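Those protein sequences? They're chains C and W, same order as listed. The letter at position 29 of the first sequence is residue 29 when you use this note's numbering, and the numbering goes up by one with no holes. The letter at position 23 of the second sequence is residue 23 when you use this note's numbering, and the numbering goes up by one with no holes.
No wet-lab data here; the hints were simulated from the structure. Small disclaimer: the values here were computed from a predicted structure and weren't measured.
Below, a list of computed lysine to any residue pairs in the SDA-like style, where the Cα atoms sit at most 25 angstroms apart:
| hint | chain 1 | residue 1 | chain 2 | residue 2 |
| --- | --- | --- | --- | --- |
| 1 | C | K3 | W | R43 |
| 2 | W | K55 | W | F106 |
| 3 | C | K3 | W | Y101 |
| 4 | W | K73 | C | G58 |
| 5 | C | K57 | C | P39 |
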Amino acid sequence: DVKVTQSSRYLVKRTGEKVFLECVQDMDHENMFWYRQDPGLGLRLIYFSYDVKMKEKGDIPEGYSVSREKKERFSLILESASTNQTSMYLCASSFGGNIYEQYFGPGTRLTVT
Amino acid sequence: AQTVTQSQPEMSVQEAETVTLSCTYDTSENNYYLFWYKQPPSRQMILVIRQEAYKQQNATENRFSVNFQKAAKSFSLKISDSQLGDTAMYFCAFRSGGTSYGKLTFGQGTILTVHP
Numbered sequence: 001d002v003k004v005t006q007s008s009r010y011l012v013k014r015t016g017e018k019v020f021l022e023c024v025q026d027m028d029h030e031n032m033f034w035y036r037q038d039p040g041l042g043l044r045l046i047y048f049s050y051d052v053k054m055k056e057k058g059d060i061p062e063g064y065s066v067s068r069e070k071k072e073r074f075s076l077i078l079e080s081a082s083t084n085q086t087s088m089y090l091c092a093s094s095f096g097g098n099i100y101e102q103y104f105g106p107g108t109r110l111t112v113t
Numbered sequence: 001a002q003t004v005t006q007s008q009p010e011m012s013v014q015e016a017e018t019v020t021l022s023c024t025y026d027t028s029e030n031n032y033y034l035f036w037y038k039q040p041p042s043r044q045m046i047l048v049i050r051q052e053a054y055k056q057q058n059a060t061e062n063r064f065s066v067n068f069q070k071a072a073k074s075f076s077l078k079i080s081d082s083q084l085g086d087t088a089m090y091f092c093a094f095r096s097g098g099t100s101y102g103k104l105t106f107g108q109g110t111i112l113t114v115h116p
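Same shape as in the complex, but just chain W:
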């Protein structure tokens, strides 16, 4: 079974600065997908960014980028130019590339607070 570990329960950053959230995972598979989801306070969880394991290039979405290290099984999220609206809980998630019906395995979550 796959496991996903987020070792930082809480992080904080000043507005306009850069912060990196860590995620490691354990799998014996070669083909899989990784996701970062954001859950703002009292609001619905939304997808931030996704990475296909077969792609060497790190995914980017505006101010959000990942550092995907397949051999190290590491998938960190970098938020540049942090904004107050980035305050949320962030979850790293793993999905098998095989027949899994889209099931996700989530990490424990990291609460990020952006200070003005």
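In isolation and in its complexed conformation, chain C is listed as follows:
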């Protein structure tokens, strides 16, 4: 079974804090993704990575950065958290190639106060 895990299910941070969200997959997938999920907006892609140390901006990268130092791990960083970054964050991974499905982690519900 493919497993995608995320470091926290729930997280509460203060405005201005630096926040790290970690994602680990155990299936040797090339691609990894970070989405945020908001009611009425669906999932929106923040960043993705198709190889170690490679990253590409998604549709809403502002205020976020990412790091992929190892193939199995993809981190999302909020350099200075703001209240409008309160959201559900979902990590996903997949093999390269467009036919393959993405496998999702359980999500991290982040609240910034």
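Guided by the hints, dock chain W onto chain C, whose structure is given.
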């Protein structure tokens, strides 16, 4: 840029009945993939069904089937014999057939409630 639209924010159905969730998309591409994902309450999102645009035949997976209308850019999901475990949020998603590194564009989601 591609867009995916799910116009039904919420749907409900009685157990054992059939329900259809709607999805439309906009693209200028001819080769692409479409997906339906299911997100049960407080559980991980999982793939329900996928459709390759070059295939004329509609995909089916047990009680789940799609109605893929390429010219109309429509991709609806039919759930037959609905079960309580089908209660979830359902997302329609689009993937380009070109070099896209597997990126998905999602619709807004439809919350489906199955009543006993």
